[in-house]
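Participant: Listed here are the chains, written in short residue letters.
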Amino acid sequence: MTPVAVMVGANRIVPAAGIIHPLGNAELKPEEEKTLRRRIVEQALQALQADVAQPTVFQAP
Amino acid sequence: METLRVVCFVNQFFGQLGGEDKAGTGPDVVAGAVGSARAVQQVLGNEGRVVATVRCGDNYVAEQPEPAIAELVSLVAAQQPDLLVAGPAFQAGRYGVACGALCAAVQAQLSLPAVTGMHAENPGVDLYRRQVYIAETGGDTARMLDEVRRLVALGLKLVRREPIGSPAVEGYFARGLTHNVLSENNAAQRATAMLLQKLAGSPVTSEVPLPTFVPVPAPARVSDMRRATIALVTDGGLVPRGNPDGIEALAATRYGAYEIVGLTGLDPDRYDNVHRGYDTTYVKQDPHRLVPVDVARELEQAGTVGKLHEVVYSTTGVATTLAHSQRMGREIAAKLKAAGVDGVILTST
Amino acid sequence: MRLTLQWSEIETVRAGATTRVVGQALEVDLDELRALLDTDRRLQRVRIDLAHPGESCRIGRVFDVMAPRAKLDGGPDFPGVVGTLERAGSGLTRALANVAVVVTDQGLQGTGGLALIDMSGPAATLTEFARTHNVVISAWPGAETGRSEYLAAVRLAGLKTAVYLARAAGDRAPDRVEVFDLPASTRVPAASQHLPRVAYVFQIHSHQRPTGVDEGILYGDTIRRMLPTVVHPNEVLDGAVMRGFMGRSATTYAIQNHPVIRALYSEHGRTLSFVGVVLTVAHATEPERVRSAAMAAGLVAEVLGADGAVFTKMGGGAPHVDMAQAAAQCEALGVKTTLIVEDMSTDGSSEGMLLFNFPGLDALVNVGSTRETLTLPAVARVLGADDLALTLQGAVAVSYTDLCGAIEQIGASRSVAVVQ
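Chains as they are written, first to last, in my numbering: chain A, 1 to 61; chain B, 1 to 349; chain C, 1 to 420.
Quick caveat, the hints were computed from the structure, so don't treat them as lab data. Glycine is no exception: its CB is placed at the ideal position from the N, C-alpha and C atoms. Heads up, a few of these hints could be off.
Quick list of the computed label-pair ranges, beta carbon to beta carbon [what the hints assert, rightly or not]:
(1) V57(A) with D279(B): 54 to 62 Å
(2) Q24(C) with T253(B): 50 to 58 Å
(3) H52(C) with A70(B): 35 to 43 Å
(4) A251(B) with V213(C): 27 to 35 Å
(5) K337(B) with L108(C): 54 to 62 Å
(6) N46(B) with H52(C): 31 to 39 Å
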């Protein structure tokens, strides 16, 4: 739903892992899921530390 | 048929008290139609009688709107009218805002039909068009009688509970409310016709006005994450089991504040999810898939983040109105700011 | 591909000793039909009722509506679900006008958000199903039948009934004939080469709620990871696509009589060249959505070579974003788009009508607001909702979303939300 976030004017946007489990994935093993979650959260922290002038999407590496 | 009792509201100028020098005058009532209210009486003819004209200075209302409007509502009520006609205010901004506010107040508090009129650029239009029927007028009194005619016609329809036609036909500002009607053609036929027009390069009239969102200036970045307080917020519908705050599953007007003091994670047995816009099976199995308290706590313990804020804010983001979304966002932001939070991770589904 | 629909115009439906069409009347042997549907062990206690236009009758718990259609030339009926898996869209299909099969869901407590059909009164003007003679199927879940199995079974019962009824007209000459004849988009005749080429992008499901194992949508496939694909419009008209089990604002009946396809066909060769139907699903993850939008736009612009496209969706906000993303990509490739959307405002404000959109998508048609309410009067009888008859028989306040057929997202209905 990142285009919605861009449209309403959210300035720092990190795409997550899907509507029904934004910070997880039931198909992964628990440790892998937690690694995925950590990656997205760390990306969010990076976004908070970045200078932005307008809605910006920070793709996870 | 009984003659309708009409009360008019005018400002100091249109009430013949004086100009800007009299803008601070408090409210008064004069029997019958005075000043520009006489145009209303002329248009009403035998259908109604302006029993009183309520007057008030622009600055009196502008400086203390709530008490001023309350006083004016009482004065109107005392006349036991069937209809309030305020203005028209043309381009006069304070006057227009006062007209809109008074009409809204008598509708809400007295269940009294009310109507006003002003120019498109009058600030009263944007503020009150949703709640009040505002007839569109020019910038000055050049066509006042015609405009008052339109105003009064609208007012009479309201009193008689007759259906109000479209903004274009009746001459009022679109109230921005939607309402279902039955078209002659089905949507597919209309879409095909619209596409053919677009392909031919002709202008199309969309059946949905396009939304405009005001850009929000980006807050400055968090400069030192190791000393920053980060909060977690979600619109994914997380609630403690039993939903103690009664957060609605659809069109939420409420949000909850849930403490995570001393918790390294969210125990699925103690939480639930009320969101109706997606399959919540997975986030109920493991709430961290929505609100990453586990990872955030680890990052706090590792020193990557200075502090994880001890309150998680949550609401449901399905069919939430723009108005409530904005209000809840403002309220949550105010609380977070007051608590010294530097940054927020908002998980949205 | 050429499809001929042979229509019998039905004006009366009544129970009879045998199922047949006599004059403009359809007579139905209810016992035979019941026995046919009873063979499915997933169902028990099958009940069939008839509801006629103008009656003071309310049908509750509506799950889906189907149009009576039968292939009498050996072609497949609803391939992959009822009939064998072959391509639909050509040959001869018998159809009954003014008759619908209404399937109710007896597997839920309360109304569970299911729809109503009023055969008279204020709601009747809003839906086609108040003007059809409705053969109402109610069946209860068999012992040990899970929810998903039960829904597959009632849907199948409705489809079998649809075929059964249309077959009854087989020995009669049709009252009117419609021919849907469209060559491949690469073979547009010279006389039509100057006409704008128009495609239809049909979003047939949204995976916010993933399809169940028995929930076939396209030729019986559950289309879980479906990438955009292209079909001939006749396939949609001839039973290849049906509605899933969830969600409102769409019926299989509407798909069988697809209004966008019909509208484009009626203009084909005159004001436009209809070049094909792109099928998509709305996805639940961003990468899938992005991929789907890119591929759909590619099919529309580069493969079908369309100048314009009409878009519809199935569902709420997320399907809308999905549809809008595909349309935005089409606009970026120079394809002009028109979208059919819903008024999604929950507080009646015009700003809330369209919470999501992209600049450039300026040609929007709306199918009305689902949240608007109306009060329906008391009725003489209630069908399909025995347990709720006490409440449903009296006056009820409903929203447009509760009225089956009032808001058809693929554009079959006539309600429209206007801003005042």
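Participant: With reference to the structure, classify each hint as holding or not holding.
Facilitator: Tested hints:
no., hint, result
1, V57(A) with D279(B): 54 to 62 Å, "violated, 25 Å"
2, Q24(C) with T253(B): 50 to 58 Å, "holds, 54 Å"
3, H52(C) with A70(B): 35 to 43 Å, "violated, 59 Å"
4, A251(B) with V213(C): 27 to 35 Å, "holds, 33 Å"
5, K337(B) with L108(C): 54 to 62 Å, "violated, 46 Å"
6, N46(B) with H52(C): 31 to 39 Å, "violated, 52 Å"
Checked against the numbered hints above, the structure violates hints 1, 3, 5 and 6; every other hint is satisfied.
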